[in-house]
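Q: The residues making up each chain are set out below.
4 protein chains.
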Amino acid sequence: MFANRKTIHIEWGDCDPAGIVYYPRYFAYFDNCTAALFAAVGLPKHEMLKQYGIVGIPMVDTRARFLAPSRFGDDVVVESQITEWRNSSFEVRHRLFRGDQLAVECTETRVWAVRSSTNSEKIEGQAVPPEVVARFSAARKA
Amino acid sequence: MFANRKTIHIEWGDCDPAGIVYYPRYFAYFDNCTAALFAAVGLPKHEMLKQYGIVGIPMVDTRARFLAPSRFGDDVVVESQITEWRNSSFEVRHRLFRGDQLAVECTETRVWAVRSSTNSEKIEGQAVPPEVVARFSAARKA
Amino acid sequence: MFANRKTIHIEWGDCDPAGIVYYPRYFAYFDNCTAALFAAVGLPKHEMLKQYGIVGIPMVDTRARFLAPSRFGDDVVVESQITEWRNSSFEVRHRLFRGDQLAVECTETRVWAVRSSTNSEKIEGQAVPPEVVARFSAARKA
Amino acid sequence: MFANRKTIHIEWGDCDPAGIVYYPRYFAYFDNCTAALFAAVGLPKHEMLKQYGIVGIPMVDTRARFLAPSRFGDDVVVESQITEWRNSSFEVRHRLFRGDQLAVECTETRVWAVRSSTNSEKIEGQAVPPEVVARFSAARKA
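Respectively, the protein sequence lines represent chains A, B, C and D. Note that this note's numbering has the first sequence beginning at 1, numbered continuously upward. Note that this note's numbering has the second sequence beginning at 1, numbered continuously upward. Note that this note's numbering has the third sequence beginning at 1, numbered continuously upward. Note that this note's numbering has the fourth sequence beginning at 1, numbered continuously upward.
Treat each hint with caution, since some may be false.
Identical copies carry no separate label here, and so any pair may be met within one copy or between two of them.
Pairs of lysine-lysine residues, derived as DSSO-like cross-links and limited to a Cα-Cα distance of at most 27 Å, are as follows [said to hold, decoys possible]:
| id | residue 1 | residue 2 |
| --- | --- | --- |
| 1 | K122 | K6 |
| 2 | K122 | K141 |
| 3 | K141 | K6 |
These are computed hints drawn from the structure, not numbers from a lab.
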């Protein structure tokens with residue numbers, strides 16, 4: 001599967017009094033990395049939302065394992081890829097490296113989501129358009 | 001096991017352009033709820049760190065399932081409890097309710113962590129003091 | 001003028017590697033305090049937005065002076081009031097106290113904002129409804 | 001004076017339900033830009049702290065004027081420079097551009113801060129080392 005790599009500079013404000021990344025910040029990094037993954041195949045999130053009439057790709061299940069801490073001033077690299085497409089959802093995996101060391105591993109299940117046509121307060125899944133999946137297949141081969 | 005309940009008012013700045021909580025914010029909520037859980041048995045985090053000479057109770061593994069979205073202005077209740085004590089680590093479970101509805105469920109594995117005596121840059125696990133565990137047992141019976 | 005007081009518990013994740021509040025977090029506190037100020041006169045933000053058809057009360061100018069640091073575990077109190085109403089904007093002042101000590105002072109200029117009727121991408125000011133101002137006058141006398 | 005330019009990609013999670021940047025996030029951007037400004041003259045913050053034995057360059061006064069909103073997906077450029085050196089403090093100015101448009105302007109007063117030698121809980125100002133100032137003068141001429 002196509003993988004995108006994004007370098008993240010860990011900022012002072014991302015770190016806690018122990019001097020290491022405050023772990024909720026990693027989830028913000030990973031959310032940005034998923035956006036970057038779509039942008040890398042030609043689907044920047046703000047355009048993708050307009051083009052397909054979706055409200056977003058909200059998270060339904062995420063898990064992260066923290067193997068080693070990172071500190072402010074570190075440059076880390078996150079390798080992101082979609083590991084599975086289902087009908088209206090998909091799986092993403094992120095691996096954050098500090099040098100050669102795998103420091104954090106994260107999996108995500110996200111939904112291709114639209115506002116409900118019967119209740120605009122509700123958000124519901126919709127089939128992922130085949131052309132979106134095709135972009136990732138094409139990128140893999142490139 | 002002893003459970004603590006914390007009410008959280010969802011703020012404008014916790015929400016994203018879809019109008020629902022930006023999911024990394026839930027992890028900040030849960031981190032605060034774990035701190036509140038310890039405070040509820042007489043161990044406010046800032047005092048606990050000093051008293052036991054630990055650098056914190058860093059996360060090693062966390063998973064959250066998002067069953068229903070929450071919106072700014074909502075008041076949600078998080079029920080938190082320690083579900084298992086191991087030697088130098090422990091498991092926490094949070095359940096976030098929106099009214100009667102279970103909206104988010106989260107599990108955490110955290111470590112009772114000290115600075116390494118041989119390398120102050122390193123953080124390592126240490127046995128959880130029995131008196132800490134005892135406080136939760138006592139609270140359960142109360 | 002009517003003043004609202006809000007107690008804030010400073011969390012681990014609000015603090016930086018120096019062990020004190022990461023200053024952008026104060027602005028999130030103050031944004032929440034402005035929301036609490038309106039809620040205190042019967043205008044919770046999420047209802048106020050619907051009722052008056054506004055997109056928010058965005059910031060146009062804010063300044064904060066940091067007189068003393070706060071640390072995680074501290075409980076601070078923020079006293080908030082509207083100091084001036086103009087046509088489509090208003091001034092808010094927040095004073096954050098740590099015990100008796102004034103620790104942070106902040107001023108805000110905000111706009112009563114609607115989506116432009118000619119360009120939905122644009123946000124523009126609109127006259128603050130007299131009944132909104134009246135609620136604060138009434139609260140002052142109460 | 002030497003100016004550094006930093007491009008910032010505005011992320012989904014930086015934006016609020018109105019679809020524009022949640023203003024406290026701008027202060028995090030600017031804090032990162034000040035760090036980038038020092039890094040640009042050869043003083044990455046994590047090394048500068050160690051080298052000079054300071055706890056940081058905490059904020060004592062900051063003001064921002066928001067002239068135009070930015071949205072997720074936007075790439076903005078922040079131009080940062082030190083506008084004045086005093087004995088133990090200094091002034092920074094940031095200007096955030098969205099295309100050609102000045103969208104946010106921010107000023108900061110920061111302190112060159114060390115832990116008090118008589119009370120490690122206290123943070124106090126210390127004279128900025130002349131070699132730090134000299135690096136900016138040299139960069140200006142370069």
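Q: Decide, hint by hint, whether the structure agrees.
A: Hint by hint, here is what the structure shows:
1. K122 with K6: between (33 Å within a copy, 26 Å between copies)
2. K122 with K141: neither (38 Å within a copy, 42 Å between copies)
3. K141 with K6: within (20 Å within a copy, 34 Å between copies)
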